[in-house]
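So the sequence lines, in the order shown, correspond to chains A and B. Just so you know, the first sequence maps onto residues 41 to 269 in this note's numbering. Just so you know, the second sequence maps onto residues 5 to 214 in this note's numbering.
Because the hints were derived from the structure by calculation, they are not lab data. Hints are not guaranteed to be accurate.
[What the hints assert, rightly or not] Just some of the chain A residues that point at chain B, by a computed CB distance under 8 angstroms:
1) Arg57
2) Leu60
3) Val67
4) Gln119
5) Asn170
6) Lys172
7) Trp176
Glycine is no exception: its CB is placed at the ideal position from the N, C-alpha and C atoms.
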Amino acid sequence: MSLQSSFIQIFISHIKREFLINFRSLVDVISIISFMILIVILFVLGIGPFEEKLRLVSNAIFWIGLILAIIPSLEKTLQRDYDNGWLDQTITSPTPMEIILLSKSLAYWLIVIIPLIISLPLFIVLLDINLKLIPWLLISILVGGLSISLIGIIGSALTLGAKRGNILLPILIIPLIIPILIFGVGVSEAVRINESPVGNLFLLIGFTLIYLVISPFISAFLIRIAISR
Amino acid sequence: MIYLQNVTIKRGSKIVFYNWSAKIENSKITIISGKNGAGKSTLLRTIAGMIPLEKGKIKNYNNEIFKDQIKWGQNLIYIDSKNGLSKDLTVYENLKTWSEMRGWNTSDNDLQKALDSVEMLNHKNLYVSQCSEGLKKRAALSRLYLSLLFDVEFWLLDEPTNELDQKSIILFNKLIQRFLENKGTVLLACHELKLFDLNYELLNLDLLKK
């Protein structure tokens with residue numbers, strides 16, 4: 041009877057759980073995207089009717105909008121499961137915490153990225169993004185988005201149980217996100233001035249891989265501390 | 005048999021147990037009693053592996069339990085007042101995701117039976133956010149039935165009867181009885197001792213700590 045499933049099956053089933061929870065109450069997903077749209081609109085209106093000016097900064101606005109829109113929702117990724125006792129259940133189970141956290145950050149990445157890609161045409165129109173940039177923009181937000189969610193899990197684990205976690209969290213994670221912003225914008229900027237974006241893209245992928253390796257271990261360690269309190 | 009050997013347990017900066025030894029018998033219920041703040045939950049959470057030991061050892065027979073956390077995790081179920089239910093999922097989905105998280109391949113039939121064992125089958129499609137506290141507790145306790153199928157040896161339960169009505173307590177007693185027949189060990193923190201019509205060992209923290 042005791043047919044045990046492999047870590048990969050556990051991993052996939054946990055991603056399914058996250059999807060079920062997040063897409064049932066669409067509030068979080070919609071708030072991320074609509075917040076991002078608002079930030080972008082504010083920038084566009086602030087710059088005024090100067091196409092040239094907008095083109096110079098459009099990539100940066102897109103990335104800053106993405107980062108600012110994601111940050112408020114990051115805190116909840118672990119806080120909810122901490123409050124309802126799910127993390128207690130995972131820590132007293134035979135499944136390593138690291139696997140649960142890796143699946144959590146991948147799930148969060150997909151949950152943010154899918155609506156973002158659907159709403160991408162809107163941003164292209166708003167920011168007057170050149171069509172030849174779009175494939176590169178898509179690749180860089182796919183890779184960079186994964187980084188941001190991996191960093192976000194670390195920040196979320198760090199502020200578990202802390203009062204005012206929502207203020208503490210951005211202060212802690214924005215320094216880690218800076219390289220992602222620089223190289224993410226760098227990819228699109230290189231294409232815009234007709235240079236090869238490959239170098240920036242590889243650096244972006246490199247950073248993502250580093251975070252992919254360290255994030256689950258660091259956050260699992262932090263969660264154990266939070267739970268033992 | 006779980007042996008606690010000269011354990012010192014701290015919660016924050018407060019020492020809850022100092023150089024304390026005890027043993028917990030196998031295939032029996034041990035009820036941990038004591039006044040509020042005596043350390044019932046701390047003791048359970050320590051044995052479950054959530055609070056690290058300051059000093060001392062906890063052994064299951066001759067094996068130190070925290071040497072192999074994965075193996076220890078296979079052996080125990082821990083349920084406390086937080087229940088570990090996501091309020092955006094239904095009762096059934098919560099049980100399913102929980103068993104998948106532990107790596108158990110449970111059939112739909114097993115899950116139905118588990119819910120039936122605590123008479124939650126009628127409420128299986130109810131969202132946890134709509135459940136009363138008693139229903140939530142029963143949904144959490146349905147995991148105990150699944151653990152009977154998967155060779156779990158220990159149940160660590162922190163005040164499981166608080167929200168339960170008379171009928172649910174009878175169902176809960178039945179689950180415990182089945183577990184004891186399977187050579188399982190129950191460790192239970194509880195105030196009301198008269199709820200259990202089974203023989204139990206008593207671990208009174210008020211007496212032991214003096």
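Results of checking the hints against the structure:
1. Arg57: It holds, given that the least Cβ distance between A/Arg57 and chain B is near 4 angstroms, below 8 angstroms.
2. Leu60: Hint holds; A/Leu60 Cβ to chain B Cβ min 6 angstroms, cut 8 angstroms.
3. Val67: Status violated, d = 10 angstroms.
4. Gln119: At 13 angstroms from the nearest chain B Cβ, A/Gln119 fails the 8 angstroms test, so the hint is violated.
5. Asn170: violated, 41 angstroms
6. Lys172: Cβ of A/Lys172 sits 41 angstroms from chain B, so the hint is violated.
7. Trp176: violated, 36 angstroms
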